[in-house]
Amino acid sequence: MSAELYNNLFDSNADHQGADALVAAFAMEGRLRRAARELADAEMLGGMWVEEERAPEQAMRYAADDRDDLQASFSAGGYTVLIQLGEAGWTATQTAGTAGASLKVGASWVVLTPGQAVAMPVEDLPDTVVLVDLSGQEFILTR
Amino acid sequence: MSVAACDMVNPTASEGMTMEDTMPALVRAFVEGGQSAAELLSEFMRHVARVARPYPDAYFVLSQKNDDAVDDLGNRAFSICASIEKGRFPFSGRAPFSAYVEEQFDGRTIRYHSFYAKISITRELLRDDYAFNLRRDPVLRWRSELYADIGTVLKATCESVPQGKGVPPKWQRTGSGLRMLQPLEVVEAKLRKLDSPSVEVLVHEALSQAGPLTQSRLTHLLEAVLGTPATDEVEAGYVEEHTADRLGLREAVANAWNELEPADQALVIALSKGASYEELISVHPSLNNKVSASRAVSRVGQLFLSAVVDAMGIEASADATPRTLMEPIMSMLAELFPRDFS
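As you go down the protein sequences, you meet chains A and B in turn. The numbering of the first sequence is this note's numbering, which starts it at 1 and goes up by one. The numbering of the second sequence is this note's numbering, which starts it at 1001 and goes up by one.
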């Protein structure tokens, strides 16, 4: 099978002889170059080194605004949850996604009912929230 | 709050504080009359230094973060903004400075696209330097290989969890059910206790205990657990010493390339990009045949790679390995045929 022949060139454990060893070495170098490019891209797109710049910007916004964020929507995997601070404290409202999901907040579980606000045991808006659906699949919801 | 800091974030934040944002006027003067270059460059250096602050050595030229490297970064960012046409939003085929003037961007927006955005001119340069170091620096090459190995495990045994447009996906174990998630520091300690060299075992354990993670986060986690090799333990990564005769290499690569048939060339391009078999076949369907593929591999080995290595006599070097021989050939291909190999 030609796929096996091709993929074998990228296998560092495979034994290649003669000119084929050079082809395999070329393939491994190509694999490494691709990995290098993808890793550098992933760290940039993930904002790995951007965080430090956000803090003072946010702090200065507070100085001008003098209010914390009071609400935010978090989404992933077809689910959206609105977390907001109201008179009853912090609440979470599922606005999209199938029923039966729960939020994991520290050691606590918050059972969601679509469209209904439920109490959230948080003191500030989180950066992300972890949602677990009925099948146990986990989603990291981000703003 | 310092005036400079305020200017960086919101030049009109507070009433009563008169702060003029000079950036738009500086850019306009530079674009329209070539004036204020020194002042604009000085502003650039200040912001680039600020953006560069959290980045580690691996993101800088020669994997060394120092004043010269940061200055070099600032100068290159300035040059790109001044004269390199960029295709992506919001530049649309214009040099960034020209786009800023034509779109009448305010200072904050200019700084955002030049320095502070997740995808800014400055951060793209840092990304490119990091990618270069990841394939040239001996220890960082090890990180790239680890990233590739982790990718192989993830694609074969885990499922991706999309995180939104433009954000790398996270990965999780399939059908893992409910479990207690652990902080990454705890997971790292537990992985160390496993004392396993198997990337697959470590990846699965990490995802089971920490929950969904990105491939890059897993790479740094496993790197911390496994420990990077000392520089004298890794394969020699720098190859310039083998390629003193660049003109000879250029000629050897060009000649050997011309000996190849289209299918052979398609194979070389796919291999150089680390392309999957499916990607290769989509470009050159005739290679979806064992005889054709085998023939192409043989021809690439004999007519191209062996021919170049023989012509250059670079296999004789005592510390040359097949992989260190390939780097200069690949770089030369990118130089000769940028559309196919860059």
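Keep in mind the hints are simulated off the structure, nothing from the lab. Just so you know, not all the hints are guaranteed correct.
[Claimed, not checked] Have a look at the derived ranges for each label pair, beta carbon to beta carbon:
id: 1; chain 1: B; residue 1: G1227; chain 2: A; residue 2: D41; range: 51 to 57 Å
id: 2; chain 1: B; residue 1: D1195; chain 2: A; residue 2: A14; range: 26 to 32 Å
id: 3; chain 1: B; residue 1: Y1112; chain 2: A; residue 2: D41; range: 16 to 22 Å
id: 4; chain 1: A; residue 1: A88; chain 2: B; residue 2: N1075; range: 53 to 59 Å
id: 5; chain 1: B; residue 1: E1200; chain 2: A; residue 2: T113; range: 38 to 44 Å
id: 6; chain 1: A; residue 1: T113; chain 2: B; residue 2: K1290; range: 56 to 62 Å
id: 7; chain 1: A; residue 1: D127; chain 2: B; residue 2: E1261; range: 40 to 46 Å
id: 8; chain 1: A; residue 1: A96; chain 2: B; residue 2: E1261; range: 26 to 32 Å
id: 9; chain 1: A; residue 1: D127; chain 2: B; residue 2: S1196; range: 40 to 46 Å
id: 10; chain 1: A; residue 1: D127; chain 2: B; residue 2: E1223; range: 20 to 26 Å
id: 11; chain 1: A; residue 1: L5; chain 2: B; residue 2: E1103; range: 49 to 55 Å
id: 12; chain 1: B; residue 1: E1103; chain 2: A; residue 2: D127; range: 41 to 47 Å
C-beta atoms are modelled at their ideal positions from N, C-alpha and C, and glycine is treated no differently.
Indices of hints not satisfied (ascending): Numbers 1, 7, 8, 9 and 12, in rising order.
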